[in-house]
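**Student:** Listed here are the chains, written in short residue letters.
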Amino acid sequence: PQLQQFIEIETQKQKFQFLVHGLTDICWELCIDKPSSRLDNKSEHCLKNCVERFIDCSNFVLNRFGKTQFAAATEEITFD
Amino acid sequence: PQLQQFIEIETQKQKFQFLVHGLTDICWELCIDKPSSRLDNKSEHCLKNCVERFIDCSNFVLNRFGKTQFAAATEEITFD
Amino acid sequence: PQLQQFIEIETQKQKFQFLVHGLTDICWELCIDKPSSRLDNKSEHCLKNCVERFIDCSNFVLNRFGKTQFAAATEEITFD
Amino acid sequence: QVKQQIAVANAQELLTKMTEKCFKKCINKPGTTLDSSEQKCVAMCMDRYMDSWNLVSRAYSSRLQKERQRL
Amino acid sequence: QVKQQIAVANAQELLTKMTEKCFKKCINKPGTTLDSSEQKCVAMCMDRYMDSWNLVSRAYSSRLQKERQRL
Amino acid sequence: QVKQQIAVANAQELLTKMTEKCFKKCINKPGTTLDSSEQKCVAMCMDRYMDSWNLVSRAYSSRLQKERQRL
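Residue numbers (the numbering used here), protein chains in the order written: chain U, 1258 to 1337; chain X, 1258 to 1337; chain P, 1258 to 1337; chain W, 148 to 218; chain A, 148 to 218; chain F, 148 to 218.
Isolated chain U (complex conformation) (with noise of 0.2 Å):
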């Protein structure tokens, strides 16, 4: 059992760990044009609020598509 939680907790961190490659990669490219000596503040405030809005995205995505097309998408998607 303790184990099984050791394994869990890691599992999580891997996630956790791969959605933020996954988002700095998405981000860098939409807020860092040239490297510079330092990150500036612009490119701070963008990267911030890169990530706060794509996870505002990702859960207006999820939220719509679970209101009006799950149950239909899901079977269209499935049995087309």
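Be a bit skeptical, because a hint or two may be false.
Cut-off 20 Å, straight-line C-alpha distance, at most; resulting in silico cross-link-like pairs (PhoX-like, lysine-lysine) [claimed, not checked]: (1) K176/W - K1291/X; (2) K1272/P - K176/A; (3) K187/A - K176/A; (4) K1270/X - K150/W; (5) K1305/P - K1291/P; (6) K150/A - K1291/P; (7) K150/A - K1272/P.
By construction, these hints were calculated from the structure, which means they are not laboratory data.
We have chain U; now place chains X, P, W, A and F onto it with these hints.
**Tutor:** Chains X, P, W, A and F alone, transformed into the frame defined by chain U:
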């Protein structure tokens, strides 16, 4: 035997759907500029033609590669 | 032992070839604009230099990361 | 159960791609909220992505059938 | 057999990448057929992609050898 | 040991992405050496990438906590 057939069919379906995800990705980038309130005729034609031409292109590559290079290339690639 | 060695060598070869697929992808995007009837000198030089510089860049990143940040970063990244 | 697992994997792949594509199309300068024009854009983008997915799926499916008949 | 499996996996990866790259280079406005100028472009693109793959493979291989000798 | 494996996998993913991103940002016309201005650019790019990774990690982490508290 029935179970095996069931698994085979489901595997086929999953393969099909993953190819659809890939094709949608490619044709979305090629055909959809700004999302609008409905899918206009131009985008619809573009998407259909994109699917057909991608398969044509894929068949063309496969045939041509098969004819001229397969044996040679496989050797070269493998034992380089 | 012979089988093990055989598998090891084949695994190495496969790793090598997958790195070649990745490098070809990156250098193709950087060096090839419109495909022409033969690989001109400019593209050929660009491809060769691209491979060499990518490995330089990779070594540079590895060394610099190793020197200044490895211990610290691994901790920070892992237990954040 | 296998069917359900595949349906879930498939819906997840669809949602992941949809989120990334629509974020890229609709949020160019991320601000302090997801404002109403961005939400409207994402909603339209989702519908167009579903349309495209279904259209591609049908086009690919009918092409496969044609090729099978030719053999 | 292992060798053959690897060769097949490798050829598949090559063909998948080649198809995607050459589709992107040669088909900008997909029409009702793959016309002859598109076919010609795809054929050239395939040859250049093979050239590039082989060139990259040789360049990478010789670099690895140099690095090994330095150690 | 599991922790270490994850840390290594994570560092590898970071290094792979960093190398690709910084190569793309800093080497537009690959020459016969990695010259000093390219090296300087790659060094800055690495630092900015680490900054970004850490910033994204903190922002994402604090957002997750906020969402958990709301439930």
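**Student:** Quick check: which numbered hints come out false for this structure?
**Tutor:** Checked against the structure, the hints that fail are numbers 2, 6, while the rest are satisfied.
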